[in-house]
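**Q** Listed below are the residues making up each chain.
2 protein chains.
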Amino acid sequence: MDFSSRLIETAVNEFAKLPGVGRKTALRYVLHLLRQEEKEVSAFSEAFLRLKQELKYCKNCHNISDQELCSICINPRRDHSLICVVEDIRDVMAIENTGQYNGIYHLLGGIISPMDGVGPGDLNINRLVEKVAGNQVKEVIMALRTTMEGDTTIFYLYKKLSSYTVILSTLARGVSIGDELEYADEITLGRSITNRTLYEKSLK
Amino acid sequence: MDFSSRLIETAVNEFAKLPGVGRKTALRYVLHLLRQEEKEVSAFSEAFLRLKQELKYCKNCHNISDQELCSICINPRRDHSLICVVEDIRDVMAIENTGQYNGIYHLLGGIISPMDGVGPGDLNINRLVEKVAGNQVKEVIMALRTTMEGDTTIFYLYKKLSSYTVILSTLARGVSIGDELEYADEITLGRSITNRTLYEKSLK
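Respectively, the protein sequence lines represent chains C and B. Just add 2 to wherever you are in the first sequence, counting from 1, and you've got my numbering. Just add 2 to wherever you are in the second sequence, counting from 1, and you've got my numbering.
To be clear, the hints were calculated from the coordinates, so they are not data collected in a lab. Computed from a prediction, not measured in an experiment: that's the story for all the values here.
Where chains are identical, the list cannot tell them apart; a pair therefore holds if satisfied intra-copy or between any two copies.
No more than 30 Å apart at the CA atoms, straight line, and that leaves these computed lysine-lysine pairs for DSSO-like:
id	residue 1	residue 2
1	41	54
2	19	41
3	61	140
4	26	58
5	61	26
6	41	61
7	133	58
Modelling step: build the complete structure from the supplied sequences, incorporating the hints.
**A** So, in structure tokens, the structure goes:
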């Protein structure tokens with residue numbers, strides 16, 4: 003695409019760096035910004051600068067936070083001996099929304115993915131091992147995505163943590179609530195038969 | 003969604019103002035920015051601020067430009083008596099990419115759309131009428147989208163300009179190149195029969 007202005011070109015290129023945004027969508031965003039008042043554009047611009055400059059990560063779980071410790075780690079009512087290992091803040095938000103979890107989190111900041119050049123060294127794994135080695139942790143729930151990369155990361159964590167006296171668990175896998183069996187994929191359905199739960203337990 | 007940080011919340015809200023971006027997508031963009039170096043985030047941020055502060059509009063056609071007049075209006079090889087009326091810069095780019103047009107443009111900055119609160123007064127129409135009234139223009143091509151709003155705008159322009167001695171034309175409407183007739187919609191196919199072109203002309 004040929005833009006008549008270098009400024010437009012720069013702005014489009016910046017938007018096109020966002021995940022899933024191509025140059026056509028980027029141009030659409032730029033034209034939208036151009037239609038706004040200057041005050042609004044500077045608010046838009048400033049939000050990201052402040053985000054990067056002022057945002058802190060929780061010292062304990064690496065969650066995003068405005069203070070030293072995040073609101074979850076600072077909460078004395080939560081079970082600090084139960085750690086849920088997740089990829090990033092989106093998973094924390096998803097699990098918090100269920101209202102079913104009372105432990106704390108540990109954010110890896112990604113998953114092992116050789117295709118994207120992410121190895122174990124790039125992730126926040128050492129801090130987790132230290133926590134478990136400190137004997138304060140009863141159970142680690144490895145709540146990662148159910149893909150090849152997720153499974154690889156879970157296996158790596160299992161290797162690192164299995165020598166300590168800690169319970170290691172993963173999320174239950176099975177058919178979703180509301181699924182029709184006919185349309186469930188074979189692997190999921192197969193696993194949900196193998197790992198079937200007692201009827202009384204499923205009522206809880 | 004409940005974010006653990008006010009900074010994240012602000013940034014997500016800013017992204018969610020972009021067209022077609024919901025809060026989930028906005029969060030994805032924010033997390034992407036967080037993974038970048040501070041230098042890159044400030045380049046991202048600055049691009050939009052500079053865009054708004056420094057960008058000029060061509061005095062003649064209202065196209066986006068770094069100078070007083072855009073590269074098209076300043077070009078003496080282009081036919082200044084032929085004006086193509088379009089909605090915004092995206093249409094200019096689309097038509098320029100065809101390489102078939104040698105006139106200049108006139109950007110309305112939108113189309114008449116009562117649903118979005120855009121009336122004729124919000125568009126750059128008076129300047130077009132002045133140009134036509136100046137007797138320098140031979141033909142005005144109204145190249146607007148083929149929707150109800152586009153047709154309304156074309157009709158409004160027609161009413162405004164038809165009293166002057168100027169040829170008023172619209173884009174040809176018909177089946178697209180490569181279309182199978184079976185799948186063309188009835189209105190398009192109907193019009194393409196009514197407005198059929200001579201075989202020799204279609205070879206050009």
